[in-house]
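Quick mapping for you: the protein sequence lines, in order, are chains A and B. Numbers 1 to 397, taken from our numbering, label the letters of the first sequence in order. Numbers 1001 to 1257, taken from our numbering, label the letters of the second sequence in order.
FYI, nobody ran anything at the bench for these hints, they're computed from the structure. Every value quoted in this text rests on a predicted model; they were computed, and no experiment measured them. Just so you know, even glycine gets a beta-carbon here, dropped at the ideal spot from N, CA and C. Among these hints, one or two may not hold up.
Covered, in the sense of this in silico footprint (three residues per stretch, anywhere, with C-beta under 8 angstroms from a C-beta of chain A), are these stretches of chain B [what the hints assert, rightly or not]:
(1) 1070-1080
(2) 1106-1113
(3) 1130-1141
Computed Cβ-Cβ distance ranges for the label pairs, DEER-style [said to hold, decoys possible]:
(4) H1172(B) with A287(A): 31 to 37 angstroms
(5) P293(A) with Q1201(B): 42 to 48 angstroms
(6) R3(A) with R1196(B): 30 to 36 angstroms
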Amino acid sequence: MRRGYFGSFGGMFVPELLVPPLTELEEAVVRIVPDKKFEQDMDRICREFVGRPTPVYHCRNLSRELGFELFLKREDLAHTGAHKINNTVGQALLARHMGKTCLLAETGAGQHGVATATAAAMLGMDCIVFMGALDVERQSINVHRMELMGARVEPVQSGTRTLKDAINAALRHWIAHQQDTHYCLGSAVGPHPFPLLVRRLQSVIGRESRDQMLELSGSLPDMVVACVGGGSNAIGIFHPFVQDRQVQLVGVEAGGSGNPGDYHSATLSMGSPGVLHGTHTFLLQTAEGQIMPSHSVAPGLDYPGVGPEHSFLKDSGRARYAVVHDHEALQAFRLLSRKEGIIPALESAHALAWATSGKERIKPGSRVLINLSGRGDKDLDIVRGQMSHVGDGVSDV
Amino acid sequence: MHHDNILTSKIQGAVSSGRKALIPFVTAGFPSREAFWDVILELDGEGADIIEIGVPFSDPVADGPVVENASIRSLEQGINLDWILEGLSEHRRSLQAGIVLMGYFNPFLQYGMQRLARHGKETGVNGLIIPDLILEEAQPYLELLQEHGPAYIPLVGLNTAAERLQDYARLHPPFVYLVSVMGITGTRAGGDQVLRDKLAQVQETFDCPVALGFGLSSRDQLEHIIDLVDAVVVGSALLTHLDEGKSPGQFMRSWLV
Ligand SMILES: Cc1ncc(COP(=O)(O)O)c(C=O)c1O
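The task is simple: from the sequences and hints, build the whole structure.
Given below as structure tokens:
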């Protein structure tokens, strides 16, 4: 297999000027990450700063109503309220071992930007975050959070002024500042070695879950379900289960409104292979290879590409990928809040909705583990704005 | 083998007549769909040795705001590879210059590399510059391009290591393109000793002419390195010039002195 490839997906499609920093990073991943000292530092940071291990929670109320056993991996309880922090503290620590003094990040809704700013502050590094100008307007609270922690937020005015343009801007900035800056990419996307590095750092989710399920229920789950934006929380929980062939892996993509012609983010389900942001993977694109705008009610799923390993898992059939629409995610959002006292991120609500909406026939008694990738406090404004369209979906489970 | 390529002979022709080859870059469909081919014909008539036609892409990561905006405008006017190749098949016979397409990989990939090689050759495209198709990723297409299609032209940078330069040199391209800045197109070039040293190393490593580009906006910038350069690529500065409504000829004359 070619370097940095998952089957025919992946690779390193970048300007030649980015080859040296990517090669430097690749070497650092091999040399530093397995090192005892790095492992000890990571362990301590995960325990004392991030709050790991996060628990697996058995949803007794919903399980009774649904007829199958519903378990949640509680990444919403990690510091900053989402799994994103697992990746940023790991990359920040690696960057410091590499002698870099500045962390560079892109962010869409601001979750990854906040998680990067957090890691930078904790390790005493500088931080610069590129964010689409449109997102800066929509997510002012997260801009404020980042600035509180000392990050500089750069609004991006080009293109669609959203996440994909923020990634372009970050890559451009990295070309000019590679000497002292590490690009802390926010998902399992981008050129080699990012998809492997991010998987490595997020796999803590799946490793913990596997042990916790064995302890809680005496066996592995029948299904592991996660939402897929770029695919980092999903690959993080999938990876340690890939060898367990009896465990079904289900990735859930955002279908947007579901109205014909409307933009969506169901890259694997409705896109086609191409090259964007340094990697060969499924994309939302025109027949001529221009990248299309994406949309989802969940800001963190709003991306026209997807991590290359998911393209491979789809192609090989080891995982399957389903689509959930905005209104189903909103219903699941209310359902979990009301029945279990847990307000999920709208991203995570997509994974939940796949299991709870009743569209999917899940065998009674099966054990379904869902990655609750984040908490939903950040989404209250969006939900308040949307709920009026959806009606009351709480009582009819 | 590369000496057969018109791109090599164009640059060598300029050099042997005591000047630097000039390679203007214009995004296809710029400044407008209607005016584009007249701009190309005028650049050609005014002595351009090679013309780079930019193939628009929605996400041009190696480009600054000027080229990106030109790309967006071009997409809004419905410019695509078919339009470019059709235009070439109509105008190529009237053009003296070598023709190079510069664009990101995805539009080429979706068009089909086989098809691109065939149609490119038929319409007189002599070379391809694909900023996000580095050596390793170009490997599957090199034979195809070598045997049938336009030539693969490598881009190298100030931070490209000696061994990597050698890897690229072994492809025997018609010319090699050195990016003059650690940045994107339109970044103002610094022009220091680092650039001079890298130019010397690239000249040493490759057996083909060396073109310098990215961030060149006036001849004065080249003063202390001009002896090491065979060809000069000018993009953002030309687009800005055209956008101000000024003529391609005026631009060429300011560079061809
Ligand atoms: C809570 C949460 N879940 C999921 C995602 C989607 O990202 P990924 O697919 O990389 O896990 C995000 C992105 O911001 C997020 O904030």
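When the hints from earlier in the document are held up against this structure, which numbers fail?
When the structure is compared with the hints, none of them turns out to be violated.
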